[in-house]
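*Asks:* Heads up: the sequence lines are chains A and B, in that order. Numbering (the working numbering) for the first sequence: 99 to 377. Numbering (the working numbering) for the second sequence: 259 to 888.
There's no promise every hint is true.
Calculated cross-link-like contacts (lysine-lysine; reagent style DSS-like; alpha-carbon spacing at most 30 Å) [unchecked claim]:
| no. | chain 1 | residue 1 | chain 2 | residue 2 |
| --- | --- | --- | --- | --- |
| 1 | A | Lys366 | B | Lys423 |
| 2 | A | Lys366 | B | Lys422 |
| 3 | B | Lys789 | B | Lys832 |
| 4 | A | Lys139 | B | Lys789 |
To list a few chain B residues with every Cβ distance to chain A over 12 Å, as calculated [said to hold, decoys possible]:
| no. | residue |
| --- | --- |
| 5 | Asp415 |
| 6 | Ile515 |
| 7 | Lys535 |
| 8 | Gln686 |
| 9 | Tyr703 |
| 10 | Gly769 |
| 11 | Glu846 |
In case anyone wonders, no lab produced these hints; they're calculated from the structure. The beta-carbon is built from N, C-alpha and C at its ideal position, and this holds for glycine as well.
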Amino acid sequence: MTKHSANDYRSGVTPIWCPGCGDYAVLNALMRAFAQLDIPKEQIAVASGIGCSSRFPAFLDTYGIHGVHGRVLPLASGIKLGRPETTVVAVGGDGDGFSIGAGHIPHAARRNVDLTYIVMDNSIYGMTKGQPSPTSPQGMVRKAAPYGAQQNPLNPILMALSYPASFVARAFSGKVKAMIALFVQALRHPGFAFIQVLSPCVTFYNTYDHYRDLTAAIPEDHDPADRSAAMALAMKNQTQYLGLFYQDTSKPTYGTRLSSVQSKAPRKSMDEIFESLRR
Amino acid sequence: MHERVSAKQTSNIHGDAPTVVIRIGGEGGEGTITLGDIFTRIAARSGLEVYSFRTYPAEIKGGQVMYQTRLGIDRVMSEGDEANILVAMNHQAWAEGHDDLCSHSALVYEASVDLPETDSRPYPIPAEEIAQALDWPRGKNFVLLGALLWFFRLEMDVANAMVKKRMQRHPESLDKNLEAMRRGYVHARDQYPEPFPFTLPLPETVEERILLSGADAMALGALAGGCDFYAGYPITPATPVMESLAKYLPSFGGRLIQVEDEIAAINMAIGASYAGKRAMTATSGPGLSLMIEGLGLASMAEIPLVLINVQRAGPSTGLPTKTSQGDLFLSLYGGHGDAPRFVLAPDSVKDCYFQTIYAFYLAERYQMPVIVLSDQAMASRLESTPVPGAPWNGPLTRLVPDSETLEGDYRRYRKTETGISPMAHPGQEGGMYLAESLEHNEYGYPDQTPDNHQAMMQKRANKVETARQMLATWRMTSRRWGARNAPFGILGWGSPRGAVREAMDRLQRRGIPVEALYTHTLLPMPDQAIKDFIQSKRALLVPELNFSGQFGRMIEHRYYRTLDENNIHVYHCKKEQGVPFKISEISEAVLDMIESEHKLWAREHGELARIYRTVSRIREGEQGGNGDQA
Chain A
99 MTKHSANDYR
109 SGVTPIWCPG
119 CGDYAVLNAL
129 MRAFAQLDIP
139 KEQIAVASGI
149 GCSSRFPAFL
159 DTYGIHGVHG
169 RVLPLASGIK
179 LGRPETTVVA
189 VGGDGDGFSI
199 GAGHIPHAAR
209 RNVDLTYIVM
219 DNSIYGMTKG
229 QPSPTSPQGM
239 VRKAAPYGAQ
249 QNPLNPILMA
259 LSYPASFVAR
269 AFSGKVKAMI
279 ALFVQALRHP
289 GFAFIQVLSP
299 CVTFYNTYDH
309 YRDLTAAIPE
319 DHDPADRSAA
329 MALAMKNQTQ
339 YLGLFYQDTS
349 KPTYGTRLSS
359 VQSKAPRKSM
369 DEIFESLRR
Chain B
259 MHERVSAKQT
269 SNIHGDAPTV
279 VIRIGGEGGE
289 GTITLGDIFT
299 RIAARSGLEV
309 YSFRTYPAEI
319 KGGQVMYQTR
329 LGIDRVMSEG
339 DEANILVAMN
349 HQAWAEGHDD
359 LCSHSALVYE
369 ASVDLPETDS
379 RPYPIPAEEI
389 AQALDWPRGK
399 NFVLLGALLW
409 FFRLEMDVAN
419 AMVKKRMQRH
429 PESLDKNLEA
439 MRRGYVHARD
449 QYPEPFPFTL
459 PLPETVEERI
469 LLSGADAMAL
479 GALAGGCDFY
489 AGYPITPATP
499 VMESLAKYLP
509 SFGGRLIQVE
519 DEIAAINMAI
529 GASYAGKRAM
539 TATSGPGLSL
549 MIEGLGLASM
559 AEIPLVLINV
569 QRAGPSTGLP
579 TKTSQGDLFL
589 SLYGGHGDAP
599 RFVLAPDSVK
609 DCYFQTIYAF
619 YLAERYQMPV
629 IVLSDQAMAS
639 RLESTPVPGA
649 PWNGPLTRLV
659 PDSETLEGDY
669 RRYRKTETGI
679 SPMAHPGQEG
689 GMYLAESLEH
699 NEYGYPDQTP
709 DNHQAMMQKR
719 ANKVETARQM
729 LATWRMTSRR
739 WGARNAPFGI
749 LGWGSPRGAV
759 REAMDRLQRR
769 GIPVEALYTH
779 TLLPMPDQAI
789 KDFIQSKRAL
799 LVPELNFSGQ
809 FGRMIEHRYY
819 RTLDENNIHV
829 YHCKKEQGVP
839 FKISEISEAV
849 LDMIESEHKL
859 WAREHGELAR
869 IYRTVSRIRE
879 GEQGGNGDQA
């Protein structure tokens, strides 16, 4: 079998994204990660919610499903648990994942379903033309907040670490090479991998320069097994660290647990069940 | 006053085969349900037919609980009417229950409760005292169980075996409960040696029956329908479906997941179905409200899905533990846009099994969500029923593209005559496609052009029409029974069918012929069968357990031309009280309908005149106060 190239994973559909959108980098990085791991296209399923970044699956020549707003994690979990040999990637934005869908993250994390969740975080609602999102800074002025946004931003990495997701990382659309490496690690991770990608919206909230100043690679001496240290890094507001904050490969995946339930259960036939219900 | 009671009055004033309704009331947490459940099972084991009904408060401990069981020699099809026997564990049970006793009833009660003298024949049992003497105060319910065993002359051996089987998980209290039951039996035998007025003769041979609840029937139907995957969230009264599948599904190689909410449940089931598995969820009203968006996704992206809705009384939190048929409109029409789906309506516990199997057949073949509309009363009651045979229809499976199709120009959403297009799943080489919640073209890619939208709406809608034609060839998608040429009809759906059937038998014996049609498919509707039925009638009664008469309104709307052209009137028989229909409520509604119709006739003759004279006689008899209702 020939090795795949990144372009093999591309569908013929032209992305709807604005020129310069950070999501292009994410799309390219994911295709390169697939190619690097040489995953057959038919073995990949990419699920998404609603928003600019959730249009993602259409641009890939893999199995894909574009669901409803905020429900990508249950949807992707269903695919993985239904057909465990599939490589499942869930994608979406900060509105989809941290606002309407935030309630699903802790449960995906505590189940440790073996899938990769990429949140393209641009700190704005792009598709609805620029309302503050759960990661927008307090005070951001937009049409929906003419006097400035009055809610404090979330800290997604700290949130994921607190559950904890068994793999927590941050990437930046301006640093593609590092992003590819993280995606490869995440796809290889046996369990729930959470990646926040700082992916600027050039039209409604261009943060490229801001993030170039603010981001830095996680210090080399950081031990990803040390959750407290990861939390301390995540809490540093002055620097948005990029890289792998935390990884725990010791926990069984949910699929493994369900398989063990199945192997424990005695085989039965319908006749035996009816027999047990006899009056 | 007690001498009036005689064995022939065992619920037999209507000429029905003898049945006895026993209602047991007590404080939640004092074993009332256990008493009712075990007694019902012992009676069934002894060869009697059973049909139970339970109502419980929303609280776990405290609050009044009621368990009702109806015993019969022949098949029992409904809750029946007023109770013959009230078993009162406390004063409140009597206060709430004595009004609903038929004349010549028996009152079995905790002797320490001070009750006024009534028409009911009293059978005080010092259950508390007996239990105390055993140093086992919690065994009060078992003392009363023992007394009931004596009254019905049921074998202690059968009872002992049943208690051992049912109380396996409480070995520490087993011996005490068995002793409490024995003492209750001995006490009743010594105190009341004379024949008990409601004892039913036991059959010589015990026919093969299983004891099944509607919830178990749906879980087993899911297994028989090939369910691979269940995702659900606990909600009364649908939880027993999940609990039953939690026990069985892994034994069949399936997976069950309790998720964080109903929205996750439906989306996870959709994900598993997309991955090629037979997937389902079950919920009740509030959960269905939350699932409506996901239902639209399954409809739009053409993903098979089975959704069981065990209806409870709404709106909002409503009466969480009580029954209703109030979710018909939500199930048929709930959601934005025109999102095709199927809606099936089982009308008995056994039918819960078959309709769930058919739900999988239809979901898989037509790549659509299928809602099974059950309800609290049907899901939580126990019925004795023969082991269900093989389904009459199907099986149907999902169409998956073959390798030849996948090598060519595979279009997941190809517009076909039937509307059905083969569905690939992850792992199939060449089958990669996008399942889109946006309007999409044949490949699945977003396409919002005007002609494409219209054409794809048509494609999805065509599946309903294809199914309607196929279902017309299926056996028993609707059930028509009764007097073939009767001028009056009953048209309905769901669990009230049993009460309707018994009411019709009573009316028939009184000289009032009625014919009924119950449909098992509410969407698509079996239009031809219903039109044929409607046209053969002068007036129709539509009984249903909801406030606004949703099915009746649907009938009026859908068949207005047939109704109008033939001058056929629709009478609504609506009840929204959280409890099922009594037989007499249906039969009275039929008499009311005939009286109302009589006023509209210019002149009646022949058969109509005879029917109306019979109704008048019955109604005069009622006014005469002999209690001999239709």
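*Asks:* Could you run down the list of hints and mark each one as holding or not?
*Replies:* Status of each hint after checking the structure:
Simply put, A/Lys366 and B/Lys423 have alpha-carbon atoms about 20 Å apart, close enough for the 30 Å limit, and the pair holds. Taking the CA atoms of A/Lys366 and B/Lys422, the gap is about 24 Å. The hint holds against a cut of 30 Å. A hinted pair counts as satisfied when its Cα atoms are at most 30 Å apart, and B/Lys789 with B/Lys832 qualifies at roughly 22 Å. Distance check on the hinted pair: A/Lys139 and B/Lys789 sit about 52 Å apart at the alpha-carbon level, beyond 30 Å; violated.
The beta carbon of B/Asp415 sits about 15 Å from the closest Cβ of chain A, which is more than 12 Å, so the claim that it is off the interface holds. With a closest Cβ-Cβ approach of about 7 Å to chain A, B/Ile515 is found to fall inside the 12 Å limit, against its non-interface label. For B/Lys535, the requirement that its beta carbon stay farther than 12 Å from each beta carbon of chain A is not met, with the minimum near 4 Å. Not every CB of chain A is more than 12 Å from the CB of B/Gln686 (nearest about 6 Å), against its label as outside the interface.
Non-interface call for B/Tyr703 relative to chain A: violated, since the shortest CB-CB distance, roughly 5 Å, does not exceed 12 Å. Distance check for B/Gly769 against chain A: the nearest CB is about 37 Å away, which clears 12 Å, and the non-interface claim stands. Taking the minimum C-beta to C-beta distance to chain A, about 34 Å, the non-interface status of B/Glu846 holds against the 12 Å cut.
In this structure, the earlier hints numbered 4, 6, 7, 8 and 9 are contradicted, and the remaining ones agree with it.
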